[in-house]
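Asker: Letter by letter, the chains look like this.
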Amino acid sequence: MEPEGVRFLLLRASERWFAVEVGQVETLRRRETLHPPPVDIPYLVGLLPLDGTPIPVVDLGTCLGLSPTPNRRDRLIVVSRLDAGLLAFLVQEVRGPVLIPWAQVRSLPPLLRRAQRRPVVWALVAYREDWIPALDLACVLSPTEVETLRGSARFTKGGSDDDAIAA
Amino acid sequence: MAEPSQRVREIQQELARREKRPQGAPEPTLDCLAFFLGEERFALRLQEVEGIIRVPTITPIPGVHPAVLGAVARHGEVLPILDLRRMLGMQEAPPSPESRVVIARHGEIRAGLLVDRVEDIVTVPEPLLRPAPSPGGEAMASFLQALARDGAAMLRILDLAALLETVRHGT
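If you read the sequences in order, they're chains A and B. Under our numbering, think of the first position of the first sequence as 1, with each following residue one higher. Under our numbering, think of the first position of the second sequence as 1, with each following residue one higher.
Quick caveat, the hints were computed from the structure, so don't treat them as lab data. Possibly wrong hints are sitting among the right ones.
[Claimed, not checked] Away from chain B, derived, C-beta distances all over 10 Å, residues of chain A:
1) S80
2) G85
3) V98
4) R106
5) P109
6) T148
7) R150
[To be verified] Just a sample of chain A residues kept apart from chain B, beta carbon distances all over 12 Å, derived:
8) G52
9) P70
10) L82
11) A84
12) Q92
13) P97
14) R117
15) E147
[Stated by the list, open to error] Rough simulated footprint, nothing fancy, chain B against chain A, three-plus residues with beta-carbon under 8 Å:
16) 56-69
17) 125-135
Here a beta-carbon is modelled for each residue, glycine too, at the ideal position from N, C-alpha and C.
Same shape as in the complex, but just chain A:
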């Protein structure tokens, strides 16, 4: 974090823009071939081989209860390091990083913080003419959901790579 503000990446998912603090993003990947999902979970779109380790890729839009993100060949993936390990999010577009001054970052009032099942949206961020919800990627899925995903990915790693089909 910088004294004059907060550095955010802007992500577009389900045609909406969201802001994510840059420290939550490990790396961005484009046009990666995914392994098919090992289990049938609606928001799981596949596995991303990253340094030899399969990372679950989830559709950010579907996780947020929005419409699914098109899973095209030029797919864009944001890899985030959570407490439980790496988790990747399928998004449509990424901009930034942009430095948002403190005065343009407004925390959510208690009514909206408590109204969420998990505190996924924690602030609104002013960017150009719009206010954009700031997401905490660590809260998009519950710890149990993340563990389930990572468990299924580990299971895949134990199997033969020949079984994996490029998405």
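Given chain A, work out where chain B should sit, using these hints.
Answerer: Same frame as chain A, now just chain B:
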């Protein structure tokens, strides 16, 4: 002998109330902000109203109560905007040029309520207030604090605390 009509009974009750009141004693009243959702007339206690604004650009917030349209940043804080039609189980309607957001506050919680049209401040004699029907039938019954008959029109006074609590718990 035929029973007096409901309206006549109400007038009789009002007469009896007036006759009981000592001459010159001021009648207790409740000041409310009245507004419309469709043709239905609702009100909030004036002490719970902080202002009225035009409908701003609203930022949607995923994963919250369906009646939360989103939030707006205003005067250094983020204000949740609630669709009262959705809260009260009424048919949805897009905002019109007459639509407004009523900024309401209960304790430390502040929210904007989208309404179809603001009417005016109305003063309701407290003895005219009737308890709201018990919840169970209409969805809106849980959010009514009292009813008042103002001439021929019914005024439904909303329970702001119940509205905000429902949103807070996401139910």
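Asker: Now look at each hint and say whether the structure bears it out.
Answerer: Checked hints:
1. S80: holds (17 Å)
2. G85: holds (23 Å)
3. V98: holds (17 Å)
4. R106: violated (5 Å)
5. P109: violated (5 Å)
6. T148: Consistent with the label, T148 (chain A) stays out of reach of chain B, its closest Cβ about 19 Å off (over 10 Å).
7. R150: holds (22 Å)
8. G52: At about 34 Å from chain B, G52 (chain A) clears the 12 Å cut-off, so the statement holds.
9. P70: holds (18 Å)
10. L82: holds (18 Å)
11. A84: A84 (chain A) is indeed farther than 12 Å from all Cβ atoms of chain B, at 20 Å.
12. Q92: holds (15 Å)
13. P97: holds (20 Å)
14. R117: violated (6 Å)
15. E147: holds (20 Å)
16. 56-69: holds (count 3)
17. 125-135: Since 5 is at least three, the answer is holds.
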